[in-house]
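Given chain A's structure and the hints, the job is docking chain B onto it.
Going line by line, the protein sequences match chains A and B. Just add 7 to the spot in the first sequence (first one is 1) and you have the numbering used here. Just add 7 to the spot in the second sequence (first one is 1) and you have the numbering used here.
By construction, these hints were calculated from the structure, which means they are not laboratory data. Hints should not be assumed to be uniformly reliable.
Because identical chains share one entry, a pair is satisfied inside a single copy or across any pair of copies.
[What the hints assert, rightly or not] With a straight-line Cα cutoff of 25 Å, these simulated DSS-like cross-link-like pairs (lysine-lysine) come out: (1) Lys9 with Lys110; (2) Lys113 with Lys77; (3) Lys77 with Lys9; (4) Lys9 with Lys60.
Nothing here was measured: the structure is a model prediction, and the numbers come from that model.
2 protein chains.
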Amino acid sequence: MKPRITVITLGVDDLNRSLAFYRDGLGLPTQGIIGTEFEFGAVAFFDLQPGLKLAIWPCDSISRDAGIGKFRHSPTEITIGHNVATTQEVDAVMAQAGRAGAKIVKPAQATFWGGYAGYFQDPDDHLWEIVE
Amino acid sequence: MKPRITVITLGVDDLNRSLAFYRDGLGLPTQGIIGTEFEFGAVAFFDLQPGLKLAIWPCDSISRDAGIGKFRHSPTEITIGHNVATTQEVDAVMAQAGRAGAKIVKPAQATFWGGYAGYFQDPDDHLWEIVE
Chain A
8 MKPRITVITL GVDDLNRSLA FYRDGLGLPT QGIIGTEFEF GAVAFFDLQP GLKLAIWPCD
68 SISRDAGIGK FRHSPTEITI GHNVATTQEV DAVMAQAGRA GAKIVKPAQA TFWGGYAGYF
128 QDPDDHLWEI VE
Chain B
8 MKPRITVITL GVDDLNRSLA FYRDGLGLPT QGIIGTEFEF GAVAFFDLQP GLKLAIWPCD
68 SISRDAGIGK FRHSPTEITI GHNVATTQEV DAVMAQAGRA GAKIVKPAQA TFWGGYAGYF
128 QDPDDHLWEI VE
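So here's chain A without its partners, still in its complex pose (with noise of 0.2 Å):
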């Protein structure tokens, strides 16, 4: 298996809240809905740094192809981390969460480890940490 990651992809409740939050609110850029020939198929993807593409996939759909049940959200299941360059751009990405609507759970502040971020929460519960 070589090291590589090609898609993140997050189940979601609400698909159209997801892209309203992710496209509008975060400026993550995207074709939109797609897939919706398919039964279970709707789907979003956000264009990342090249090789890497963020999805958003209703969680109900992911239980379905993937054959298992369906389960309650886990916030602590997963973080997103964004490292940006300075304190300044931390405090700016947070900001811009807070206005998309993200709940802010941990303002940006000094971390244990010496350096300086913040989580958010998108509108199912995961976890973004924007890190310097």
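Just chain B now, with coordinates in the frame of chain A:
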């Protein structure tokens, strides 16, 4: 916010078990567990493509660091996509994951959108999709 993710951190129950799975089973490059000088700091990073790392960090540490509660695992929270070039490579990675102790939840097969893919779960039930 720039469209960029730099770290994907998976919440795990047993850091050593997950390290063995990802390092020894899947062969991902890592310096092993670091940060043990900090309470709740123990973590392992795996180098993926340039600019992206995978991390494993106990759910308890995520809960503590973000200041949120504890939650049960939710396998529909995220899927991690690993794209490869051929169906043979999908089969090879699925077989490697099986040997590493992964739970094969959906053997590789044709997908509804015309590709070829399989799902496995890591020791904490995080879903990986291997896709051609």
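How the hints compare with the structure:
In this assembly of identical chains, the alpha carbons of Lys9 and Lys110 lie at most 25 Å apart only when taken from different copies (19 Å versus 35 Å within one copy). Only between protomers do Lys113 and Lys77 lie at most 25 Å apart by alpha-carbon distance; the minimum there is 16 Å, versus 29 Å within a single protomer. With identical chains, the CA atoms of Lys77 and Lys9 are never at most 25 Å apart, being 30 Å at best within one copy and 33 Å at best between copies. In this assembly of identical chains, Lys9 and Lys60 lie within 25 Å of each other by CA distance both inside one copy and across copies; the values are 17 Å within and 13 Å between.
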